[in-house]
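Those protein sequence lines, which keep their order, are chains A and B. In this text, residue positions in the first sequence follow my numbering: the first is 292, and each later residue adds one. In this text, residue positions in the second sequence follow my numbering: the first is 145, and each later residue adds one.
A couple of the hints might just be wrong.
Where chain A lies over chain B, by a calculated footprint (3+ residues, C-beta under 8 Å) [unchecked claim]:
(1) 278-289
(2) 390-398
(3) 512-526
(4) 536-542
Partial pick of chain A residues on the chain B-facing surface, computed with a CB cut under 8 Å [to be verified]:
(5) 469
(6) 570
(7) 615
(8) 676
(9) 679
If you are wondering where the hints come from, they were derived from the structure by calculation, not from laboratory data. Just so you know, even glycine gets a beta-carbon here, dropped at the ideal spot from N, CA and C.
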Amino acid sequence: MLEIIAETLRITIAVALILAGMLAIVIWVRNNTRKLSTLRLFVQIVAVVLIFLGLIIGPFGQDQWEYLGTAPKDIAIGKEIFGRPYPDGLTVPTFSCYYASGRTATCVVWQLQSYLFPDFGTSSVYSTSGVERLAIATGLLILMSIIFGRFLCGWICPFGLYMDLLTRLRKALKIKHWTLSDRTNEVLRQSRYLIIATFLILSVILGMRAIAGVELVSETELGRYLEIPFCQVCPAKPLFVLVEGALGFMDVDYMLSQTIGDFALTGWYLTSINLVILGVVTVGSFKIRRLWCRICPLGGLIAIFSRFGPFKKISLIKLTKVEEKCTKCGICKRVCPPQVTEVYDDKGGDVTVSSCILCFRCVEMCPYEGCLQVEVAGKPIYKSKNWLKEEE
Amino acid sequence: MASEIEKGTKYIPEMTQSEIDDLNKSMKTSSLKVIEDNIEKMKKSWKDRPQVMEYFDEISNLFGKRQEEIKQQKATGKKVIGYSCIFAPIEMILAADAIPVRVGSGWYDSAKLGDRIMPVEVCPVIRSTVGAKMVNLSPFLELSDAIVMPLTCDGRTKLSEMLADHKPIWRMNPPRVKDDPHTLSMWKQEIMVIKEKIEKLTGNKIDRKNLKTAIEKMQQATKAFRRLQELRKGNPVINGRDAMLVNQTSLWDDIERWTQKVNELCDELEKRLEQKEYSTYPDTPRVMLTGTPMIWPDSWKVPNLIEESNPQGVVVVDEQCSGDRILYDPVGVDEWTMSDMIDAIGERYLMACTCPCFTSEHGNEDRINWIIDRIKEYKVDGVIYYVVRGCILYAMEYQRIKNVLDKMNIPVYYLDTEYTREDVGQMKTRVEAFLEMLEARMDI
Numbered sequence: 292m293l294e295i296i297a298e299t300l301r302i303t304i305a306v307a308l309i310l311a312g313m314l315a316i317v318i319w320v321r322n323n324t325r326k327l328s329t330l331r332l333f334v335q336i337v338a339v340v341l342i343f344l345g346l347i348i349g350p351f352g353q354d355q356w357e358y359l360g361t362a363p364k365d366i367a368i369g370k371e372i373f374g375r376p377y378p379d380g381l382t383v384p385t386f387s388c389y390y391a392s393g394r395t396a397t398c399v400v401w402q403l404q405s406y407l408f409p410d411f412g413t414s415s416v417y418s419t420s421g422v423e424r425l426a427i428a429t430g431l432l433i434l435m436s437i438i439f440g441r442f443l444c445g446w447i448c449p450f451g452l453y454m455d456l457l458t459r460l461r462k463a464l465k466i467k468h469w470t471l472s473d474r475t476n477e478v479l480r481q482s483r484y485l486i487i488a489t490f491l492i493l494s495v496i497l498g499m500r501a502i503a504g505v506e507l508v509s510e511t512e513l514g515r516y517l518e519i520p521f522c523q524v525c526p527a528k529p530l531f532v533l534v535e536g537a538l539g540f541m542d543v544d545y546m547l548s549q550t551i552g553d554f555a556l557t558g559w560y561l562t563s564i565n566l567v568i569l570g571v572v573t574v575g576s577f578k579i580r581r582l583w584c585r586i587c588p589l590g591g592l593i594a595i596f597s598r599f600g601p602f603k604k605i606s607l608i609k610l611t612k613v614e615e616k617c618t619k620c621g622i623c624k625r626v627c628p629p630q631v632t633e634v635y636d637d638k639g640g641d642v643t644v645s646s647c648i649l650c651f652r653c654v655e656m657c658p659y660e661g662c663l664q665v666e667v668a669g670k671p672i673y674k675s676k677n678w679l680k681e682e683e
Numbered sequence: 145m146a147s148e149i150e151k152g153t154k155y156i157p158e159m160t161q162s163e164i165d166d167l168n169k170s171m172k173t174s175s176l177k178v179i180e181d182n183i184e185k186m187k188k189s190w191k192d193r194p195q196v197m198e199y200f201d202e203i204s205n206l207f208g209k210r211q212e213e214i215k216q217q218k219a220t221g222k223k224v225i226g227y228s229c230i231f232a233p234i235e236m237i238l239a240a241d242a243i244p245v246r247v248g249s250g251w252y253d254s255a256k257l258g259d260r261i262m263p264v265e266v267c268p269v270i271r272s273t274v275g276a277k278m279v280n281l282s283p284f285l286e287l288s289d290a291i292v293m294p295l296t297c298d299g300r301t302k303l304s305e306m307l308a309d310h311k312p313i314w315r316m317n318p319p320r321v322k323d324d325p326h327t328l329s330m331w332k333q334e335i336m337v338i339k340e341k342i343e344k345l346t347g348n349k350i351d352r353k354n355l356k357t358a359i360e361k362m363q364q365a366t367k368a369f370r371r372l373q374e375l376r377k378g379n380p381v382i383n384g385r386d387a388m389l390v391n392q393t394s395l396w397d398d399i400e401r402w403t404q405k406v407n408e409l410c411d412e413l414e415k416r417l418e419q420k421e422y423s424t425y426p427d428t429p430r431v432m433l434t435g436t437p438m439i440w441p442d443s444w445k446v447p448n449l450i451e452e453s454n455p456q457g458v459v460v461v462d463e464q465c466s467g468d469r470i471l472y473d474p475v476g477v478d479e480w481t482m483s484d485m486i487d488a489i490g491e492r493y494l495m496a497c498t499c500p501c502f503t504s505e506h507g508n509e510d511r512i513n514w515i516i517d518r519i520k521e522y523k524v525d526g527v528i529y530y531v532v533r534g535c536i537l538y539a540m541e542y543q544r545i546k547n548v549l550d551k552m553n554i555p556v557y558y559l560d561t562e563y564t565r566e567d568v569g570q571m572k573t574r575v576e577a578f579l580e581m582l583e584a585r586m587d588i
């Protein structure tokens, strides 16, 4: 029975992936006048391959970690880099999901949650201490936020690619998109911080397992899930697990335990929350561009370390505007996937805001030469230009 | 039985047919003479004018080739839709396979005739249009089946009533504040209303395909237009008047043919730029025009003065809805769905416009930004702020712009005039004094 479900799932997802790939290529060819969008799609696809298949394509024949399935993966790349096992790969603040097995990089939210408490069930694998791991994760998070900022969201994040593909599918079907009101957007934007704070605090509380002798979480498989609470609601987890499983890079039994769940063992209701949220986000982001990015707590986390306080000054990638060249034609506001209004409203100078995913669609579509520009460490690398010139 | 108000509703007084014919004939003759004169003057001050300019000279004859073409196309069942202002969504008209023509009027003689029913305080552009209608002077106004009339100022609001005696008038209500989201949605509804009216008149449905084609057509025109503007940035390869003429013919010419001809002109000018063949001396003071629209043919009075005076100036750029602003902004479509195209069209006509009929929290700063940017980009030496009497919106904005330009150390000259040829002599003195001052500043 399970095998049949697995096979059906695998075939469905494989077919869907092939169709999505074909669609991407068709759009690529048709749409090659808008060069930056094409480049972005390309970078996103390369990034997703590197993140999830890096260890499969890369170091063959390595030992495998039983817990995660049968693919050659999760080898302690820490051994090479740190000299000690640190099997979670590089910390990257994108949805490079821990549960998908071929990953080279790991989502920082998972790391923060699981390193926050000392006696993680599989801590025998690590030779590094909890604090040290936490320091690595936080340090890399801050470093990457300063260097890339939410550029990671627009150009690297695999879940962002998923949403962009949905948008491209909608565009190909000539269905119009919905826009949220600025007020709703603002509420969503603020709620990110609430979400991430709630889940991090929750993970500390649950991670302690017991407060004053009262047991909160038992030492079962279920408990292990509860200790990482955000991953139990994250829409990215089932998506990547399903995709990897369908592609055959992941053990089917493991995949099912992550998605449908072994009733007795994991508490199927937990993983089904993921699936429901994934469904809602899928339907929603088909109609609303980059819906999840507007409430993404991970994006909020990056934004904290790149757009606020002292980080705002030292963050490398910035979007700037020259006020004099702007006629307020409103194109930047209309084409923005997460509906940022500040690029339009602000007078000039640095117009990067916390909800901007730095996809540079506005720079690409702005018809006034040099009005909007992308600056890396103060040097403009990409400017808006008279895009009519290229449409030959 | 018609009520009293209906009986007395007509604005335009009854005139005998013979009076109309006489006036029409004399005005047409004098207008043809002005057109010829202007072209003659342009040829004189630009010795080796490119061959392709002759095409624009031909189209610039309002009573000539283009009028006949439109008549012929109209006979085959095509509809002609006039518009009075750059707020009218041309893409929609093109998409419905109708012919868009600008019906604004620049005849000085007919302005005097308009005085019969309009107070003289009213802007002469309006008076002239009414006067032209009284004697059926304007060929495009006569040919149009309906007129799209955005009510941007008080003059146009009442003008729409006066013209409504003769033609179906489609009024558009542009909001006065443009950076509020609700005004934008209101404007988009106006666009939708116009769309329905166009569809009803022409019988052609505006759908995704033909609207896309129309947008792309206009984008090509914008591309050619911007290419020409770009060429004016360096040393003068084209005189300001000629460029203005080219820009203005786009308002009534077939847009595809126009695009092609402008590209030919640009090819020629690029060649000349390489060979350093300039239309005038490279160190001529560079003048920017701003203010009231200058409408072919009579309003060529001012650019004629600037480019023929001693010392000579050259108009390198303008900020006028009859010139640089006609086609500068493209319609930027993100997704080629019907709703997004209409949004894009709405935003292009409303948001990108810097007409002084708008205001916002920070005043009409978009216009000031536009002027500042052009001054820097085109290395402008001085600005001539052209206002015709009665054009109060432009007149009222002068002070703020002057303050900004004073800070930038750019001389600005307020040139107020009327629709009359009588003040040419004294205007010549004023313009020459300004240009002399510019030249003196350049020497330093």
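Right, here's what the structure says about each hint:
Here's how the stretch 278-289 of chain B fares: 0 of its residues keep a CB closer than 8 Å to some CB of chain A, so the rule of at least three is not met and the hint is violated. For a cut-off of 8 Å, the count of residues in the stretch 390-398 of chain B with a CB near a CB of chain A stands at 0, and the three-residue condition is violated. A stretch counts as covered by a chain when three or more of its residues have a beta carbon under 8 Å from one of that chain; for the stretch 512-526 of chain B and chain A the count is 5, and the coverage holds. Only residues whose C-beta sits within less than 8 Å of a C-beta in chain A count toward coverage, and the stretch 536-542 of chain B has 0 of them, not enough to reach three; the restraint is violated.
Annotation: residue 469(A) was flagged as interfacial toward chain B, and the flag is violated, the nearest CB pair being 10 Å apart, outside 8 Å. Annotation: residue 570(A) was flagged as interfacial toward chain B, and the flag is violated, the nearest CB pair being 24 Å apart, outside 8 Å. At its closest, the beta carbon of residue 615(A) sits 4 Å from a beta carbon of chain B; the interface hint therefore holds under the 8 Å criterion. With 8 Å as the threshold, the beta carbon of residue 676(A) stays out of range of chain B, its nearest partner Cβ sitting at about 11 Å, so the hint is violated.
At its closest, the beta carbon of residue 679(A) sits 4 Å from a beta carbon of chain B; the interface hint therefore holds under the 8 Å criterion.
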